[in-house]
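Undergrad: Position one of the sequence shown corresponds to residue 1 (the UniProt record's numbering), numbered consecutively onward.
Simulated from the structure, these hints should not be mistaken for lab results. Remember, predicted model here, so these are calculated numbers, not experimental data. Hints are supplied without guarantee of correctness; some may be wrong.
What the hints assert, rightly or not - With a cut-off of at most 16 Å between alpha-carbon atoms, the simulated EDC-like pairs for lysine to aspartate or glutamate come out as follows:
id: 1; residue 1: LYS86; residue 2: GLU132
id: 2; residue 1: LYS184; residue 2: ASP142
id: 3; residue 1: LYS86; residue 2: GLU52
id: 4; residue 1: LYS48; residue 2: ASP114
id: 5; residue 1: LYS229; residue 2: ASP181
id: 6; residue 1: LYS109; residue 2: GLU132
id: 7; residue 1: LYS184; residue 2: ASP40
id: 8; residue 1: LYS184; residue 2: GLU39
id: 9; residue 1: LYS94; residue 2: ASP75
id: 10; residue 1: LYS107; residue 2: ASP57
id: 11; residue 1: LYS184; residue 2: GLU225
id: 12; residue 1: LYS229; residue 2: GLU206
id: 13; residue 1: LYS94; residue 2: GLU197
id: 14; residue 1: LYS208; residue 2: GLU154
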Amino acid sequence: MSWAHQLEQARSEWQQHFVAIAQEQQMMKTFPHLLNVNEDPQLTGVLKYFTEAGSCDAGQAASNAITLQGLGISDKHASFTNSDGKVTVTPHGKCKVIVNGVPITTKRKLQHLDRIILGSNSAYLYIGFPSERGSEDLSRFDYDFFQLERVASEGVSVDKLGAVNSGDGKADPSVLAVFQDYIKLMPLVAEANQMSEELKKGLYMELKVKNLASSDSRGHDLQKEVMVKATNQRTRQCCGCSYQPKSCESPAIRSAPGPQAGCGGLRRGLADLPG
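Using the sequences and the hints, build the whole thing.
TA: If you want it as structure tokens, here you go:
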């Protein structure tokens, strides 16, 4: 292949790329759409799914107008409908859809900047019609924002954990650390529950805060820590696992010093269980 031919090919590819970018930017100005929100800020906003007039399905199946990948995403997971100047989302069957931290089971009208989680933890920011938009700072709707919203919907907050001392009004660093652990572990436990369901292990896990309302004989608050409570749905037996590497007695869940290692322990523990 000659140099001139390579140059022409590169020019053609650049022009196609430029046209694709221009088309995407025009569609972003015209249609409501979903922006992906990732734990890595550099990957946030890379994916854009447009909701043009009519109805479209979203899920793992290639036949969907919106093809999604992720743990807990079904072949036909949800439908998005753009009609009469409004966009709605409707879960399919029992598929997991969360809007602004709250699970939904029926059709829901979307508002500009609504936060949507599909499956275990696939997060998207809804951008409404051009007439609804302003000069908002979209960067504040990051991955942590989504997780804080989910935690709040479960009734967990720094105030409930006693993060603010009654004396000087300053936050207790140890309690704030527990709160951060809870936030980091929440999506990992959701993934583990999804894996348990897909592998038919019959194990359900939930986060608990140990010593949430306990104090010693002197009235001092006991040290709080995040626990993973596992329930065998077949036998209804429960077992608990502290978020400490040496305190776990359950073979179903093994934790480690960091949240990511803890997630790996959850996955390995599930794989080791008999079917």
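Undergrad: Indicate, hint by hint, whether the structure satisfies it.
TA: So, going through the hints one by one against the coordinates:
no., hint, in the structure
1, LYS86 - GLU132, "11 Å, holds"
2, LYS184 - ASP142, "14 Å, holds"
3, LYS86 - GLU52, "11 Å, holds"
4, LYS48 - ASP114, "15 Å, holds"
5, LYS229 - ASP181, "15 Å, holds"
6, LYS109 - GLU132, "14 Å, holds"
7, LYS184 - ASP40, "14 Å, holds"
8, LYS184 - GLU39, "11 Å, holds"
9, LYS94 - ASP75, "12 Å, holds"
10, LYS107 - ASP57, "13 Å, holds"
11, LYS184 - GLU225, "13 Å, holds"
12, LYS229 - GLU206, "5 Å, holds"
13, LYS94 - GLU197, "13 Å, holds"
14, LYS208 - GLU154, "11 Å, holds"
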